Amino acid sequence: MSSPSPAVLLSLRINGEPVQVAVQPHHTLLEVLRYQLDLIGTKQGCDKGDCGACTVQIDGEPQLSCLTLALHAEGRELTTVEGLAASRGGVHPLQDAFDRWDAAQCGFCTPGILMSAEALLRKHGEVTPAQVREALAGNLCRCTGYTKIIDAVVDASRRVVAEGDAKSAAEAAPRRRRAAE
Amino acid sequence: MPDDPHSEAEPLAREAWQLGRTHRKVDAMERMRGITRYTDDLKLPGMLHGKIKRSPHPHARIVSIDTSRAEAMAGVHAVVTGQDFPIPYGIIPWTPDENALAVDKALHVGDGIAAVAAVDEDTAIEALDAIDVVYEILPAFFDPEEALAADVTINPYARKGNLSKKVELEFGDVEGGLQDAHLVIEGEYFFEGTTHAAIEPHCAVAHVERGGSAGEDGLLTVWSATQVSHYLHRELAKVLELPAHRIRVIQPPLGGAFGGKSEPFDLEFCVAKLAMKTGRPVKILYTREEVFYSHRGRHPMRMKYRTGFREDGTITAVDARTVLDGGAYSSFGLVTTYYSGQLLCSPYAFPAYRFHSRRAYTNKPACGPKRGHGSVQPRFAIEVQLDKAAVALGLDPIELRRRNDMGAGAQTVNEFRIGSNGFLECLRRVEESSGWVEKRRTLPYGRGLGVAGSTYISGTNYPIYPNAMPQAAVQICLDRSGRARVFSGANDIGQGSNTMLAVIVGEELGLPLEDVRVLSADTDLCPVDLGAYSSRITLMVGNACLQAAQALRRKVRGAVAKRWEIPARRVTLMQRKAIDIEDPDRHVDIAQAFQWAEEDHGLLGEVGSYNTPKDRHGDYRGGTIGASPAYSFTAHVAEVEVDDETGVVDVKTIWVAHDCGRALSRRIVEGQMEGSAYMGFAEAIMEQHIVDPGHRGVHSAPSLLDYRIPTFVDTPELRALIVEAPDEQGPYGAKEAGEGPLHPSIPAIANAIYDAVGVRMDELPFTPPRVLAALERRRAMEAAGELAPHKAADGRIG
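Protein sequence lines, in the order shown, are assigned to chains B and U.
Sequential numbering from 1 applies to the first sequence in our numbering.
Sequential numbering from 1 applies to the second sequence in our numbering.
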């Protein structure tokens, strides 16, 4: 049986929860997520960094989990598609927009695209189609011709910005009242 | 109309409640939340991991295989070889010419030789290295003409040397038509093969449950990323020598297919046999490299065309000679060879047609069906021929196409009956949306517009194995909570067919889509369906579903009408209610209506079936192949910019107008149109699936990076323009949308390149070196005074 090296204990946070798992040092983050931790939302399309289906966020940055050794994630904060909506009651505005625009056909590339798109929106707020094309160029989709994905990301970005404005307006409102008093 | 309490006639213009709207798909949200279990997401207790050892040689006799070292390894549970699979199979019953693993010979690099099941993937990979194979190298052939001329037979089951299939058909007086023509365009075209490259690699899991009702022989369940669960079921039964009732095939949600998962592959037989041998579940997941070597993609075709035209641009005759490079196995090749000629006789009317197509075996991964099976390649040739004629005759290429349009209700020269036909409207829409008239006049040198048209089938008139039973069947059950369950054997491969069924059921029974549960592609639970190929599901499965849903609708309306003491025609079902049309304030919850119907009729379940009309094709040999109940139509305009220093073609925009009969769900239809146009664009500009003879048949680019599929940045703007010419054969008039809209992308781009810089691209793909070489040839002719500079006459040189 193949067990070339002793397992090593890996500690990290995944989707906000602390996780400890014993991993083979040569295993990728993708393998550990999918086959040890059963976080199957992260997909394997090529296993060599070409397709982007395995994109997760490490400390908020989109990364290819198939090119990342699991041990590289030691002590890091990891977000997978399962954690995308964690703070938003089950559905992230990107997921809702993808659903309304039929931006997922087979849906296999979608988790990776969502992870790249979320990072884009967090950095830039409302985005243009050109920004979406540039930011998602590392994620391949074979079904859609990308059109509806671009529509959905732009749409979601407007809603995220509007939500943010509403939230800061709500936070600002008491201060304005106090100022008025 | 008298107030007949039993009258079931519907008001004429019933308000559509689901039809033609945009919908959230029934299964999209769980995919986006990472919940959906695709095949590789399945994990069963005790599951072993399989791997397949593959031939490094393009053509070699297997002198011996010694598996003893592998079998002795710790963690290895079983090894199988070709000797475990002596029965040949093939997706087409007339050409069973492959074995699950090579029996005596390897026929291409990547051919499966042996398979192992081990405790984990790493162990399985090590075990492959411990299988000792002695090969005797045989001469290999990579060129179809050379293979046809060779005296070495590649495929051991072949009956005519390396000729896999030959079709010659002639209709009308071709030579007369060409002689009488004002203009004959002769051209030779080459379409390099391409592959599907679905993002989900092929994967299969098998498990045998022993004991229980299946007895000690057990029930074999195979989960596979397939688009044809029924055909896979049949071939598994044949090769494994098991009765079909002891096999269950389940297609889990699928990560793209495009024709690349439409026949059995070695992994499905291997997981099944390994599970039977070990008594444990076994999974095999292809690497991306294995996906490329398994292929079954678009055939390379060399096509010689002669097309005759009158002075007004109408076609007098078409003569085509085509050589198809089939690779090592037949796959769907018998059909592909027919399709290379049979699917080209519309949308243009012509009185005489001959095609002569030969498919050769070569020592390459086998070719098969890719989106637009068999007709994408010759459609490129035909549409470029038309463009050349338009230039020679001084006609607008859109106008030339209009003049050749065959219209609705026509019969093609090869005797197919066309129903509805929105081709002229497709032309009008792309002409208008692209600004064709103005731009064709004003775009400078280096920029150009091109047009092309096409037609495609909405399913094939006959199934792959001859039988007179329905081609599609659906079962629907209603329950007391006001919900519906739909059982369909059809494979949703991401195209949205489960949602299409939910739209029909929702429309007929007044339900929102979230109240319709579609259970599909499980051979134990669902009625037989032939699968996701030939763009058949919307028309065929949609019709079967509509039949069942309408039967249930009648029962529900009748039960409500009885209780309200009004004629049934006054009752409609929508918005989760049964409503009195003449007194809309009177309504009940749909759950109550279903309960009343169940009181009257017992459990509410109906089945629907669909079979094709048999009067829509000729009765000559081959006359049924390519015939369809209904045909879709498409027109594209592409706008390109060509850099004449680098040869880089930048496709700016593709306008896609497609006559889908009736769009049941608009965004899904648009998505099919955009995805098709993208895939055609990719084949035009980038993709080529080639094995390298200089390296003994090794694939030149077996990765997504090297093969190059377009990214977000590469892909042009895609403008989907839905055209609806309802066809009486389709459910609510619907025809296909999944494959037809791919065809014109490639010739529209080729024709746009000509408009931009005056060079003809007759070989695919239009890579910078090819475009640059063509530009240099043109410049030499201009320098020699043989040609005027392109666009010089109107002073638009860039």
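Any given hint might turn out to be false.
DSS-like cross-link-like pairs, simulated, lysine-lysine; straight-line CA separation at most 30 Å [stated by the list, open to error]:
1) U:K277 <-> U:K238
2) U:K160 <-> U:K238
3) U:K166 <-> U:K304
4) U:K43 <-> B:K48
5) B:K123 <-> U:K277
6) U:K562 <-> U:K577
Heads up, incomplete: computed chain U residues facing chain B, CB under 10 Å, no partners named [claimed, not checked]:
7) G256
8) I581
9) D583
10) P584
11) R586
12) S700
13) L704
14) D706
15) T711
Derived by calculation from the structure, the hints in this document are not laboratory data.
Treat the numbers as computed from the prediction; the structure is a model and nothing was measured.
Yeah, the Cβ is synthetic: ideal placement off N, Cα and C, and Gly gets one too.
Against the structure, the hints:
1. Using a Cα cut-off of 30 Å, the hinted pair U:K277 and U:K238 holds, with the two alpha carbons roughly 17 Å apart.
2. In summary, the hint linking U:K160 to U:K238 is supported, as the alpha carbons are separated by about 25 Å, within the 30 Å threshold.
3. A threshold of 30 Å between alpha carbons decides the hint, and for U:K166 with U:K304 the separation of about 16 Å falls inside it, so the pair holds.
4. Between U:K43 and B:K48 the CA atoms are separated by roughly 23 Å; this keeps the pair inside 30 Å, and the hint holds.
5. About 54 Å separates the Cα atoms of B:K123 and U:K277, which puts this hinted pair outside 30 Å; it is violated.
6. The suggested pairing of U:K562 with U:K577 holds, with an alpha-carbon distance near 16 Å, which does not exceed 30 Å.
7. Because the closest C-beta pair between U:G256 and chain B is about 4 Å apart, less than 10 Å, the hint holds.
8. Here the hint on U:I581 is broken, as its CB sits about 31 Å from the closest CB of chain B, past 10 Å.
9. Because the closest C-beta pair between U:D583 and chain B is about 35 Å apart, greater than 10 Å, the hint is violated.
10. A least Cβ separation of about 29 Å between U:P584 and chain B goes past the 10 Å threshold, and the interface hint is therefore violated.
11. The beta carbon of U:R586 comes no nearer than 34 Å to any beta carbon in chain B, farther than 10 Å, and the hint placing it at the interface is violated.
12. A least Cβ separation of about 16 Å between U:S700 and chain B goes past the 10 Å threshold, and the interface hint is therefore violated.
13. With 10 Å as the threshold, the beta carbon of U:L704 comes within range of chain B, its nearest partner Cβ sitting at about 4 Å, so the hint holds.
14. The interface hint given for U:D706 holds, since its Cβ lies 8 Å from the closest Cβ of chain B, which is under the 10 Å cut-off.
15. Below 10 Å, beta-carbon pairs count as interface contacts, and U:T711 has one with chain B at about 5 Å; its hint therefore holds.
Of the numbered hints listed earlier, those contradicted by the structure are 5, 8, 9, 10, 11, 12.
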